[in-house]
Amino acid sequence: MITDVYTKKKIISDMEGFFGENGFIQLNNFLSENYKEFRENLIKENFVSVYEPLLCKKKILNLKETYNFEILRVIEFFKSKEFLNFIEEITEFEVSLTKFEVNVYSHRDFVVLNNDVKNDENISIIYDVSDEFKEDMGGVLTFVTKEEEVFCLEPSFNSLSIFYNPIEISKYLKYINNRSKGLNIIRIEMEFSIIEL
Amino acid sequence: MLSDWLSDNNILNVKEFSEIFLDNNPFEYVYIDNFLREDKFNELYSALKEEKYFLENSDLFEYFKTEDFKNNKNIIIREFRNFLKSEEFMSFLESIGNFNLDRSRMSLYSLKFKQNNYLLCNNGFDIKKKLVGFDLNFVDFNDGEGGDFELFSLVNEKPFKVVKSISSKKNRFIIFKVNSLKSFYQISEVLCSDKNRDSIRGGYYDN
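As they're listed, the protein sequences go chains A and B. Here the first sequence stands for residues 1 to 197, numbered as in our numbering. Here the second sequence stands for residues 198 to 404, numbered as in our numbering.
Everything labelled a hint here was simulated from the structure, so no lab data went into it. Treat each hint with caution, since some may be false.
Claimed, not checked - Here are the simulated lysine-lysine pairs, DSS-like style, with alpha carbons at most 30 Å apart:
# : chain 1 : residue 1 : chain 2 : residue 2
1 : B       : K212      : A       : K181
2 : A       : K79       : A       : K44
3 : B       : K366      : A       : K44
What the hints assert, rightly or not - Not the full set, but computed from the structure, chain A residues with beta-carbon under 10 Å of chain B:
#  : residue
4  : D4
5  : N22
6  : V50
7  : Y51
8  : P53
9  : H107
10 : R108
11 : V112
12 : V144
13 : I167
14 : I169
15 : N177
Claimed, not checked - Looking from chain A toward chain B, a few residues come up when the C-beta cut is under 8 Å (computed):
#  : residue
16 : F93
17 : R179
18 : L183
Each residue gets a CB set at the ideal place from its N, CA and C atoms; glycine is no exception.
Start from the sequences, fold in the hints, and give me the full structure.
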């Protein structure tokens, strides 16, 4: 399912080096198949609205009530040993999946900084099948420390982004304004705890 | 001094404002329409149009803000600030909300919400123990144009949903009690492109 180029030894070694140096890597055109069907079917599903005014507003897929084959096929891939091995190779961490959500963000949605203290560093992974967004529509995912912004991630269709999150990093998703006119940010958002170096 | 700035009706209606303020839900607030005398309101808005605004942008908000007016050189803005800090006006406010305000401290600045600007849910609280917040609106907004001052109900001590929405109206003055556990509000996204939600905002502090 992964685009061939990302499975070549030399490329994996390069990705490893890039991730080790930057704590981040984005792989465009990540899946070679099934992603269009995934996206098309996903948008027809019933999402549950989540609104906690001090935290976030978004729509989340109820995985327990999702039976669509096209969707489940992609979800199962991201939960597979194959994908886990791929992540472990790039990050050089042994990791364990702790959070798996399929989220949709559209006009008026947001995620603000969460001041809860994180106990551990982790790896965040985002697989994106969003519409094309412009920066002035909002929806940029911003990683910050107490002092500064360290990274911004814009929606990018069929991309996989991998982040190393030290304890001091928090993130927020900028409020999506009405310039977005019916567009959606659609993402599989995963978190992995780091078992050992 | 009150009559130099306030519309006559408003000076006389303190008791009514106080009853509304203290009874209101989800937290104490009242808004007063035609707050300033029309000539003063127009002078003040003209002065405001000369001010410099700076973009403020974070996870919670995006809007334009002036510096605090405490060192402002514009004579009208300085007079307005002196009026808000006068014994007469602070007593007027204290009568509305049964407050005990610190005479030495006040914040005062202007916010401009352009198209797509917003302020997400917050409690208006700051570390200096703000007790009362206020917002003087300069521009009429109609239904569907956004820029509303929206108040949240609480469930399990957390803000739950918007239960009151107050539109921006020319010369409308909103006063609300700041309580870090209760006074959750937001300003909804401005949806129209042909006007800005201009206001003078500020706060008084606990004595």
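Please verify that hint: L183 of chain A, Cβ, nearest Cβ of chain B, below 8 Å or not.
-> violated (14 Å)
Are the Cα atoms of K79 of chain A and K44 of chain A separated by 30 Å or less?
-> holds (22 Å)
Answer holds if the nearest beta-carbon of chain B is closer than 8 Å to that of R179 of chain A; otherwise answer violated.
-> OK, holds: R179 of chain A within 8 Å of chain B, min 6 Å.
Given R108 of chain A was flagged as interface, is its beta-carbon under 10 Å from a beta-carbon of chain B?
-> At about 7 Å, which falls below the 10 Å cut-off, the nearest Cβ of chain B leaves the hint on R108 of chain A intact, so it holds.
Interface hint for I169 of chain A, Cβ within 10 Å of any Cβ on chain B = Since the shortest Cβ distance to chain B is 14 Å, the answer is violated.
F93 of chain A as an interface hint toward chain B, with CB separation required under 8 Å = violated (28 Å)
Can P53 of chain A be said to touch chain B, with a Cβ gap under 10 Å?
-> Holds. Min distance 4 Å.
Under the criterion of a CB-CB separation shorter than 10 Å, is V50 of chain A in contact with chain B as hinted?
-> With a minimum Cβ separation of about 13 Å from chain B (threshold 10 Å), the hint on V50 of chain A is violated.
Satisfaction of the I167 of chain A interface hint, Cβ to chain B closer than 10 Å | violated (19 Å)
Within 30 Å, alpha carbon to alpha carbon, are K212 of chain B and K181 of chain A?
-> Judged against 30 Å, a Cα distance of about 46 Å means the pair is violated.
Restraint check, 10 Å cut-off on beta carbons, for V144 of chain A near chain B | holds (8 Å)
Proposed interface contact between N177 of chain A and chain B, which counts if any beta carbon pair is under 10 Å | Hint on N177 of chain A: holds, closest Cβ of chain B at ~4 Å, below 10 Å.
Against the hints set out earlier in the document, violations occur for numbers 1, 3, 4, 5, 6, 13, 14, 16 and 18.
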